[in-house]
Amino acid sequence: MTHAVTEPPVADPGPDERLARQSPLRRLLGRPELGALLGAVALFVFFAIIADAFLQTGSFSTVLYASSTFGIMAVGVSLLMIGGEFDLSAGVMVTSAALIAALTAYQFTLNVWAGVVISLVLTLALGMINGLLYNWTKLPSFIITLAMFFMLAGLNLGVTKALTGNVASDSVRDMDGFDTARAIFASDIDVLGFRLKITVFWWLLFVAIATWILLRTRIGNWIFAVGGSADSARAVGVPVARVKIGLFMGVAFCAWFSGMHLVFAFATIQSGEGVGNEFLYIICAVIGGCLLTGGYGSAIGAAIGAFIFGMTNKGIVYAEWNPDWFRFFLGAMLLIATVVNLIVRRRVERAS
Amino acid sequence: MTAKNAPLIRLSGVGKNYGNIIALRDVSLETSAGEVTCVLGDNGAGKSTLIKVVAGLHRHDTGTYEVQGEQVAFNSPRDALDRGIATVYQDLAVVPLMPVWRNFFLGSEKRKGFGRMDVEFMRSTTHGEMAAMGIDLRDVNQPIGTLSGGERQCVAIARAVYFGAKALVLDEPTAALGVKQAGVVLRYIVQARERGLAVIFITHNPHHAYPVGDRFLILNRGQSLGYHTKDEITREELTALMAGGTELEELAHELDAAGSSAAADRLTKEAESLRLPED
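Residue numbers (my numbering), protein chains in the order written: chain U, 17 to 368; chain C, 2 to 280.
Hints were generated in silico from the structure; no laboratory data involved. Remember, it's a predicted structure, so these values are computed and weren't measured experimentally. There could be a bad hint or two in this list.
To give an idea of the interface, some chain C residues facing chain U are shown, with a C-beta separation under 8 Å as derived from the structure [as the list claims (entries may be wrong)]: (1) Pro78; (2) Arg79; (3) Leu82; (4) Val96; (5) Arg222.
We put the CB at the ideal spot given by N, CA and C, even for glycine.
Could you put together the complete structure from these sequences and hints?
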């Protein structure tokens, strides 16, 4: 196969004998999700012991519902973070997507599905603008999306007030297509005695798709590469700009989906909502093992992060504590998760 | 060295400006299959600019760039890759957090229907190619950042060779390496030449360049200081050109003026022994 100058050692097919030294435990420690998984188990046991209501089916589906609404956004946000960028506009973009659908359908008296499609197009365009601005200006995505965050927050309020004279959109409950759209975006499904929100299944589906993309497709390879070292990726021919634009649009897609859930779950949308949620999505992704510097993480980890978020959020209520404590716990978990990530990264890069 | 049908890469009178800064002026170079062309120069000599032009990261402003006798002007590294010119950068070679096999196939992933990657094929090929090059990897799933610097360079080189590179441009592959590691990389350069590749090897170390090189281009301040084949130049002359015999002489005068005559004497002698016959 090659005329080697020095005779290479004969390559032994099959597992290398030196690999035996790596114990299964150590291999597991290398997974980005591990810290989050241990945390999730610990929290589950903790709340199961101290909150009697926690394990009842009704409350557990509430936990899963809370997890799913944040988990769906965490899918897009975690992919973007693996690709090395932030999106601070993700929280208000959900509200924007919901308002676009509700307002266009109501103002033009269209079938709500027309609003859904218009919202999809415009929300994806917002994500694309984030990506294009990032590529044109080369500014940190933090700044670009912070600007987008404020602009969208202002537009949400301003446009809604101008059109309705109110801070909320008019109800679309009686409009054509509402029932079918509700069945897709906001219905309940009974499974084995559990009454679960449909968002839980969408969440699991999105996580599965994102995981498949990350681990088994060329795009996934590129996402890790542009986050790990954009210059190296560019040098071997990866279209870095297009991958990043696609990732911003992925977040926009998740924002659109979450927005549609809001529209068809509540029929009216409060235009001031969504502010601050962007940090919760980032927290889900970071707890799940995504590095803030990019190039490392997983969609499953972000899902576990969202589950931790949902358990803490609702568990505190079921434990009959003052919900004010929730934010303290969230902050503490973020700190712990980041320190664990730091250790992981040092270990991985030790030799370089 | 006698390949007279158009050389794989030929630069004639190439220049490159960044705004009003002339980074490269009137540089010529050619390399053919089975040949190693070394580009030597101190920091700021224009080595990086030269390889960026060859690699397609920058376009040259003056002169001509021919690949197999055909004039080219690349818009991106992809264009250069499509022509069979692969570049391995000192620090941009790999993505440290990604597994070896993902790095090996990055940008040229092997796929089977529906956009799925053929992971098994890529893993076994990576292991096989590295073994063929004399590096026995424990585990192709380990992040490439856990390999040594020399091994990482070798993965990048093996990758370029595997993907059918006809010409290999190596940007200071030995600069950050220890003696032994540098030896590993130099052995690879020879292997790549034996495989029939044209290699452009950028370095500032004449001791690394001389044993493996067939032609030597010495750059200084963006200009060519000499272009020699191996039989025209000795290792000492090459070192002298690199170190700049005249600069040593100047340094000796300065030290003399500063009162350190013993050191100046030594330097003067050294400079004399390094001085080149005019050519």
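(request) Tell me if Arg222/C is really an interface residue toward chain U, meaning its C-beta lies closer than 8 Å to one of theirs. (result) Given a least distance of 26 Å, the restraint on Arg222/C is violated.
(request) Mind checking the CB of Pro78/C against every CB in chain U and telling me if the closest is under 8 Å? (result) Holds, about 6 Å.
(request) Would you settle whether the hint for Arg79/C is holds or violated, based on the nearest Cβ-Cβ distance to chain U being less than 8 Å? (result) holds (4 Å)
(request) For the hint on Val96/C, just tell me whether its beta-carbon gets within less than 8 Å of chain U. (result) Holds, about 4 Å.
(message) Quick check on Leu82/C please, does its C-beta sit within 8 Å of some C-beta on chain U?
(response) Hint on Leu82/C: holds, closest Cβ of chain U at ~6 Å, below 8 Å.
Of the numbered hints listed earlier, the single one contradicted by the structure is hint 5.
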